[in-house]
Each structure stands twice: as structure tokens, then as C-alpha cells.
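Student: The listed protein sequences correspond, in order, to chains A and B. Oh and the first sequence: position 281 is 282 in this note's numbering, straight run, nothing missing. Oh and the second sequence: position 67 is 372 in this note's numbering, straight run, nothing missing.
By construction, these hints were calculated from the structure, which means they are not laboratory data. What you are looking at is a predicted structure, and each value in this text was computed from that prediction instead of being measured. In this text, a Cβ means the ideal position worked out from N, Cα and C, and glycines have one as well. Be careful, since some hints might not be right.
Just some of the chain A residues that point at chain B, by a computed CB distance under 7 Å [as the list claims (entries may be wrong)]:
id, residue
1, N58
2, L60
3, R69
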Amino acid sequence: MQEFNFDKILDFLCSGIMSKSERQNVRDELFDHLMCKYETNLAIGMDEEKAAESAINDLGDKTVIRHRLSQVHSYYPNLSMKKAMNLLILGFCLVSFQINIIINTGEISKFIGQVIMLVAMFCMSKANDKLKKAFIFGSVEFVLAEIAVAIVPLLSSVVFSIPHMLLIASCISNIIKWFYLLYGLRDLTAPFKEEYGKNIPYGFSAFMNTLASLYLMWMYCAMIVSENSDFGNVDEAAYIIIPIALISIIVNLVVFVMNSKCLWQNDHEYQIETSSKKKVTAAVLAVAVAIVPMLAVDLYVSFEKADTEVYSIDDSNISETEYNRICEILLSYGIPERLVYSLPESEIEKFENSISATEFDYKKDYDLVYKNPKLGRDGFAFNVYNCAVGIKNEYGSVDSRFMVWIEYDENIKGHYSDYIQFLPPGGDFMPFYGTEETSDTVLILSEENGKIMKNEPLDFYYGEFFDGSVTGVKVRAKDGMLIYLGKNYIVDTSSTTANQMINIYHKIFPITTMRNVPDIDTYNNDALGIYPFRVHAKYWTDYDADWSEYNELISTEETE
Amino acid sequence: MKISKELAKGSTALLVLSVISKRDMYGYQIIKTIEMESEDVFTLNEGTLYPILHSLEAEKCLEAYWCEAEGRKRKYYKITAKGLEELAGREQEWKTFSTAVGKVLGGAKFAGV
Numbered sequence: 002m003q004e005f006n007f008d009k010i011l012d013f014l015c016s017g018i019m020s021k022s023e024r025q026n027v028r029d030e031l032f033d034h035l036m037c038k039y040e041t042n043l044a045i046g047m048d049e050e051k052a053a054e055s056a057i058n059d060l061g062d063k064t065v066i067r068h069r070l071s072q073v074h075s076y077y078p079n080l081s082m083k084k085a086m087n088l089l090i091l092g093f094c095l096v097s098f099q100i101n102i103i104i105n106t107g108e109i110s111k112f113i114g115q116v117i118m119l120v121a122m123f124c125m126s127k128a129n130d131k132l133k134k135a136f137i138f139g140s141v142e143f144v145l146a147e148i149a150v151a152i153v154p155l156l157s158s159v160v161f162s163i164p165h166m167l168l169i170a171s172c173i174s175n176i177i178k179w180f181y182l183l184y185g186l187r188d189l190t191a192p193f194k195e196e197y198g199k200n201i202p203y204g205f206s207a208f209m210n211t212l213a214s215l216y217l218m219w220m221y222c223a224m225i226v227s228e229n230s231d232f233g234n235v236d237e238a239a240y241i242i243i244p245i246a247l248i249s250i251i252v253n254l255v256v257f258v259m260n261s262k263c264l265w266q267n268d269h270e271y272q273i274e275t276s277s278k279k280k281v282t283a284a285v286l287a288v289a290v291a292i293v294p295m296l297a298v299d300l301y302v303s304f305e306k307a308d309t310e311v312y313s314i315d316d317s318n319i320s321e322t323e324y325n326r327i328c329e330i331l332l333s334y335g336i337p338e339r340l341v342y343s344l345p346e347s348e349i350e351k352f353e354n355s356i357s358a359t360e361f362d363y364k365k366d367y368d369l370v371y372k373n374p375k376l377g378r379d380g381f382a383f384n385v386y387n388c389a390v391g392i393k394n395e396y397g398s399v400d401s402r403f404m405v406w407i408e409y410d411e412n413i414k415g416h417y418s419d420y421i422q423f424l425p426p427g428g429d430f431m432p433f434y435g436t437e438e439t440s441d442t443v444l445i446l447s448e449e450n451g452k453i454m455k456n457e458p459l460d461f462y463y464g465e466f467f468d469g470s471v472t473g474v475k476v477r478a479k480d481g482m483l484i485y486l487g488k489n490y491i492v493d494t495s496s497t498t499a500n501q502m503i504n505i506y507h508k509i510f511p512i513t514t515m516r517n518v519p520d521i522d523t524y525n526n527d528a529l530g531i532y533p534f535r536v537h538a539k540y541w542t543d544y545d546a547d548w549s550e551y552n553e554l555i556s557t558e559e560t561e
Numbered sequence: 306m307k308i309s310k311e312l313a314k315g316s317t318a319l320l321v322l323s324v325i326s327k328r329d330m331y332g333y334q335i336i337k338t339i340e341m342e343s344e345d346v347f348t349l350n351e352g353t354l355y356p357i358l359h360s361l362e363a364e365k366c367l368e369a370y371w372c373e374a375e376g377r378k379r380k381y382y383k384i385t386a387k388g389l390e391e392l393a394g395r396e397q398e399w400k401t402f403s404t405a406v407g408k409v410l411g412g413a414k415f416a417g418v
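Whole structure, please, built from the sequences with the hints as guidance.
Tutor: Below, the structure written as C-alpha cells:
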């Protein structure tokens, strides 16, 4: 008997079977079946073509057969596709919304979400080739991102770009993962598309995910090129990335839900059997094992490497007079002495160079601007002491504040300064003033277990336009720390730039939110951020001056 | 008379196990045998039969072996001890079910089917 060529139909029927040997077996069996029918049809008098056509038609709905065969031969009993799909949605929600059940659990919920998504994709990976690749690229993305985060604290700034390159590679994997995942799901729904009657936006979803990842990649590239995390740009970038991310999250969720509805409409017996519990357990363990070294590095860095030590007044080398003066000043703000921490000598930059007004070049050489309404600048000399203090606030945590204490020469005692004003070196956004050498401007205070800690900077970043100006600082961090950056650091409460820097480097167990350091008397309340502020002289000294002149000056300035 | 799909759905595996328990068979033969023995009441289609056969094989209720027939490979199925147990269980289930249905539908007339 001549064999008819049923290759096309057999290829289609068996295309959902992953295993090559099983596919061949099923193919042989179905071929025998079709041939039996074909022969029977020939025997009852049909011509060859009609006999073959009839044999094929008698099979019924080919898509359903293909689908059922692929179900049976996924050979992964127990966890159904439906459960895997629900897991995927749950994981995606955790990743996307980073649920903060208690403070700062966002990163942890994201991490758990990523693991759940991977487990779900692993469960689905036998359904078709695309979903299998989605799982592979999802795993690569996850591992690369975790490695990038884990190695950051171990690297010096010389190899700053390595983590970012890993993150870029992770983004590329992410794009590929989404394409395979979405188009793999699309293939699953293909047999039921007509019945469902709605278009599921797989393509648009893939496009939005790509857009979001490309934007992240662009940011990482910018960081590599500039060799630092450009805080300002990161903040600006957030305004663009947030709407893109939001749209892609919504579209993804819509796709997932529509996908589920399409698959299980009319109570389809659509149960792609996926991975066995045993295999899922093995997959979870494998992910856990892969993550352990990264967690270990992270924990090591967190608990062992943070270079901190407790601040104590006993460490301070400032004189009793100086200390008392500071306390006196702070008391005028209503801050009692017991709440005042002074800094050791090493942390205090003392400007003892008795700048005379004739030498003083306004706005050029110094951040400090002095004005005296009574005497003017001429013939005036003073010493300036800087001091950073940690002040317990009403919430029981500690704010760091910057204090300047001016000590007058003996011969001018009795006079006072109206106000001192701190200007940023330029109009640009500058989180820190001054240079590394004048390191009073780069003091990092932390709070740990109720104690003020100093935290040595690892690295400094410098501005392009003002030589030596410190624009950023990199510190090691311990879990749960409150981080204060710089004593002059006055930050817009809505600014998350510094937090982003910390989060980038310390992803799994995030540092608590950067505490806003309130200014003492903001010079420009309308423009929050790093701007000059002034401390009125009345707080600094006991004097018997005529305040009317001072008040007049202030009101004149304000009018101007 | 053809039986509705819904009604036949739960009994397909029972029918398949039952015919294979009598002798080893291949797919096409199973369909033809069931058709014949049920006097054309049950017509299994391929989309139902092969996934069921493969599932039963995976569950070790059936064993398969290949033979050469009419110049091509042919897959035969043979019932296992586990398959026989399964068959006995399903038969019992079916009897209970059909008796209960009979009682509801026609009292004593249908009881004891």
C-alpha cells in the first residue's frame, strides 16, 4: 500500500510536544492512525486524495488535538498552568508595586516577587519554547541584577562601571524575557482567540516593557559615562520613567488577566500540566542557592564593613568654652544640652585664619559672607568655627544641623554680626559645599541604636564647573541606619535623589529613607534644595546692641 | 443513537481500559472496537483518545510496545496490574453512578442496571 504524505498535519499536531523523542513517537502513532483510516477509506472506494482528506477531516479539531497532546506530554504533573499564571500575576504585582507593609519592605517584596515570577515562568516553561526562553532570560536578568548590586560595595570607584554594565545586560535580558513571555502566552491563547473575540495587546505590552528597560539602560549608560550617579539627572529621569513604567505595569496586568480569561473561558479543560512540586522545589532551592552568595556579600558589607564609630562628646577636642557656646546657641533654639552631640576635632574644620574684611572677597573665595551693619567690613576680623551637631528631634530621631560660631577678636568684642550667609559655589544643584580638603562640608553622620555615628566616606564626586567642589559622596551603609549626608545638606522633602543613590547600591535590604535635614532659617523658602540659609546674629552672642538698625536693614533687604 | 459529549466525558477512560483489558490494542483498533461493541453509540475521536491513552500510560495503567505492521510502526497498548485495579475501581464507580441515576429517573425499572 502506498503511504500518503501526512507530514504537514503531523507536524502541526505534534508541534506542542517539547521532547523530541516523544514528539517522534506520537508522530509515528498518529501516522499509523491516519494510514489505517486512509486504507479503510480506499477500501470503500474513495480515491487517494479523498481518502487522505477524509482521514484528516475525521480527526476533528486539529488545534484541540495539538493542544491536548501538548498538555499530556508536558509530563509535569501537579502544578496547573492556571496556578502558574496566578503566581505570575502575584509576583508581577509584588515587583511592580513593592508593597510596603512595614517601612522599607518594598525592596524585599520586590525580591520575593521576582522569585515568584521566576517560579511561575519555570512552571510554564514546558508549555512552549517561547515560555521556556522567557524563564531562561528571566533568570539571567535576575542573577545579573543581583550580582551587580552585591559587588558594588566590594569595588573601588575605578571599576564603577562594572555593576552598571551588569545592570545594562540585565535590562537586555529583561527585554528579551518580556518578548518571549508575552509571545509565549499569545501562542497558548491562539487556539481560543476566535472564541474569546477580543484582541489581547501582547505587542503593545512588549513595546512598553522595552521602552521602560531602554530608558533604564540609558540611565545606566549615562552613569557610566559620567562615572557617577548624577543625582539631579536621576531625579529628572524619574519623571519620565514613572509614566512609562506605570503604563507598562497596567498593560501587563491587562494582558495577564485577558490571557487567563481567554485560556479558561467557557470552562475549557485547559490545564497545561506544568512542573511537578518536586521540580518547583528544586527550582526554588536553585534560586536560593544562587542568591546566597549575593546575600552573604550584602550582609557582610552591611554588618561588617560600614566604617562607623560612635560619636561622643568625649571624643571631641573642642574646648569647654567652645562646647558651652554651642550649647548656648542651641538652647536659644530650644534645644537642651543633653540633646547636643559635638563632633571630634577631626570632623571640625576650623577656619582660624582671621580673615580681615580687606582680604575678604565677597562671593569669590569663601562661602562665608559677613556683613555688619554697624561697622561695615573695614577693619573687622573674626575667627570662624564650624560645628556639626546631631539634634534629637521631636520624633525621637536625630537631625544633623550645621552651626557656625564666630569668635570675635578681643578688640572688637561687643560688636556683633547681623547674619552669616552660606552660598553654594554656584547656582547649580550642589548637595555639598566646599571641597574634600575642607572636609567639614562632607561629614556623614548616622544614627544607630540611638547613637550618633560618623561614617567615613568611601569616595567623593566632584562638580565639573567648580574645581574641587564635592557634589556627591559615597558611603558604606548598615541596614537600618539613618544616613545624613553633609552638615550643609538641606534637601527638598520631596527629593529622592540621595535615596536613589543609596538604593542603587544597597538593594536587598534598603537603608531607611534619607532623613530630611530641616534648615534653620531658609534663605529662600520658595526654592527648596541646596540653597543659602542664614543664622541671625541674635542667636550667637549676648550683646546689648541696637536692634532697630539691624531690623531696618533686614526689612530693606527683604523689600529689595 | 449518539451520546452527548458531556455524558460520555467521564466514561471514556473506563471504556478504553475495558477494551484493552480484553486484549492488547492500538489506537485505531480501540476506536473501532468501542464503536462496534457499543453499536456505534460511542464514537471516540482522536483528539480524545490519544491524550487519554498517553495519560494512562504516564500513570502506568497501560504499557505500550511497538510492532511492525503493514510496513510501518504500530503502537500497542497493554493493561498493567495497576490498570486492572483502576478499571475495577472505575467500573464500581460507574455501577454506583448508573444505579443512582436509574433510581432517580425511573425507580425500580432502572435500578440494578
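Student: All hints are to be evaluated individually against the structure, with a verdict given for each.
Tutor: Right, here's what the structure says about each hint:
| no. | hint | in the structure |
| --- | --- | --- |
| 1 | N58 | 11 Å, violated |
| 2 | L60 | 5 Å, holds |
| 3 | R69 | 4 Å, holds |
Of the hints listed earlier, the one the structure fails to meet is number 1.
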